[in-house]
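Trainee: Listed below are the residues making up each chain.
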Amino acid sequence: MVSTVRRRRGASDWLIQRISAVVLAIYTLGLLGWFAWMGMVDETVDFTTWHALNTALAMRIANTLMLLALIAHAWVGVWTIITDYVTPARLQAVGCSQHAAVAHVFCVAATILWLLACLIWGAVIIWAGV
Amino acid sequence: MEFDDGPAADATADAAAAEPGKSRRKVKSCRGYVNEVGPAASPSGICHVRRAGLYSRALDSGRQRVAYAARPAITRVMSVNDQRPVNLALGTIHFPLPAIVSLLHRISGFALFGMLPPLLWAWQQSLASPAAFHTLIDALPFKLAVILVLAGVIYHLVAGIKHLLMDAGIGETLAGARRFSWATLILSAALIAVTVVWIW
Chain A
4 MVSTVRRRRG ASDWLIQRIS AVVLAIYTLG LLGWFAWMGM VDETVDFTTW
54 HALNTALAMR IANTLMLLAL IAHAWVGVWT IITDYVTPAR LQAVGCSQHA
104 AVAHVFCVAA TILWLLACLI WGAVIIWAGV
Chain B
3 MEFDDGPAAD ATADAAAAEP GKSRRKVKSC RGYVNEVGPA ASPSGICHVR
53 RAGLYSRALD SGRQRVAYAA RPAITRVMSV NDQRPVNLAL GTIHFPLPAI
103 VSLLHRISGF ALFGMLPPLL WAWQQSLASP AAFHTLIDAL PFKLAVILVL
153 AGVIYHLVAG IKHLLMDAGI GETLAGARRF SWATLILSAA LIAVTVVWIW
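Here the protein sequences line up with chains A and B, keeping their order. The opening position of the first sequence corresponds to residue 4 in the numbering used here, with each subsequent residue numbered one higher. The opening position of the second sequence corresponds to residue 3 in the numbering used here, with each subsequent residue numbered one higher.
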C-alpha cells in the first residue's frame, strides 16, 4: 500500500518542527515588540512606518526566514494531523474502500502544493513589494 | 507483561519502568506524532531501534507491542497504514487537562494554517498603497480578525513553549504536566485578555 511515511524521516521532522518553532517565536515576539515600542514612543503605526519596516533589507531577510520557518512548521504539523486523522483505515471506514490510500496521499500532496503556493505568494509580497 | 520481542524489547521495557517520565512520552508518540525515532526517544530506545532495524518499537505502548509480537516479523514495518489497535474513538475517551491543552494546541495550529491565505492577502493589501492600507485597517471585521489570529498565535506559542520545556525533560511527571497545563491556560488567557484590551 502506498504510504507517505518514509523511513527515518521522524528525527528530521522533529528537529525541523522545533527549530522553526523557535524562529517563529522570536519573530513573533520581535514584531509584537516593534508594535509595543511604536506605542511607547508615541509614533503612530501608519502606512509610512509599516511600509518602511517591511521594505528594510533586514526585515525582508527576517520575513523570508519567518516565511520559510512557517511553511516548514505548517508542513510538519499538518502532515501529523493528516496521518493521525485522515488515515487510509479511517477513509475506508467512511466508504472510500477502493481508493483509501489514494485519498490519503491526495491530502498530503494537496497540503504540499497549498503550502508551496503560500510560500511563493509570501515571497512575492516580501521581495516584489514596492 | 508478555513481550515476545527478544532481549532488546525487554531492555526497553526495563528502561521504561526505570523512567516513568520517559515512558509517557513514548506512549504519546504512538499516537502518531513521531512514527520514527526522534531525539525525543531515550538513548536506549534509539539503540533498540537501530538493532531491530524494522520499526520504532521503542515508541509503542505495551499493548501495541504485544499486537506486533503476535504478527509475523516480516509485517512489522510500522507505517500509518497499519491496522493497529489504536483507540481514537474521541467520543469515548476521557480527556485529562494535558490532553485538552495538547488538543487545543493542535486545533489552534490548524486554524492558523487555515488563516494563511487571508493573512497573506491582508499583508499584501497593507503594503500595496496608503489607500489600500486604510481600507484594510478601517474595515469592520479587521480588528476582530486580528484579535482572533493573535489569540490563536498566543495560545499556540505558549503551549509550544510548554512543549519545548517538556522536550527538555522539564515537568515530565504527571503532576508537572498538570501544573504546566494550568499554567498554559492561565498565561495564554491573560495574554489574550491583554491583547484584546490593547487592540480594542
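Be aware that a few hints might be false.
[What the hints assert, rightly or not] Not everything, but these chain B residues come out facing chain A in the computed CB check (under 7 angstroms):
1) Leu105
2) His107
3) Gly111
4) Phe115
5) Leu118
6) Leu122
7) Pro132
8) Phe135
9) Phe144
10) Leu159
11) Gly162
Hint data in this document are derived by calculation from the structure and do not stem from the laboratory. Quick reminder that beta carbons are idealized off the backbone N, C-alpha and C, glycines included.
Trainee: Confirm or reject each hint.
Mentor: Here is how each hint holds up against the structure:
Hint on Leu105 of chain B is violated. Least Cβ distance to chain A is approximately 11 angstroms, over the 7 angstroms limit. This hint is violated: His107 of chain B has a C-beta 10 angstroms from the nearest C-beta of chain A, more than the 7 angstroms allowed. Proximity of Gly111 of chain B to chain A holds as hinted, the smallest CB-CB distance being about 5 angstroms (cut-off 7 angstroms). For Phe115 of chain B, the suggested interface contact is upheld, since its CB lies about 5 angstroms from the closest CB of chain A, less than 7 angstroms.
Because the smallest distance between the Cβ of Leu118 of chain B and any Cβ of chain A comes to about 5 angstroms, under 7 angstroms, the interface hint for this residue holds. The interface hint given for Leu122 of chain B holds, since its Cβ lies 5 angstroms from the closest Cβ of chain A, which is under the 7 angstroms cut-off. Below 7 angstroms, beta-carbon pairs count as interface contacts, and Pro132 of chain B has one with chain A at about 4 angstroms; its hint therefore holds. With 7 angstroms as the threshold, the beta carbon of Phe135 of chain B comes within range of chain A, its nearest partner Cβ sitting at about 4 angstroms, so the hint holds.
At a threshold of 7 angstroms, the smallest CB-CB gap from Phe144 of chain B to chain A is about 13 angstroms, leaving the interface hint violated. Evaluation of the Leu159 of chain B hint against chain A yields a held restraint, the C-beta minimum of about 6 angstroms falling below 7 angstroms. Because the closest C-beta pair between Gly162 of chain B and chain A is about 5 angstroms apart, less than 7 angstroms, the hint holds.
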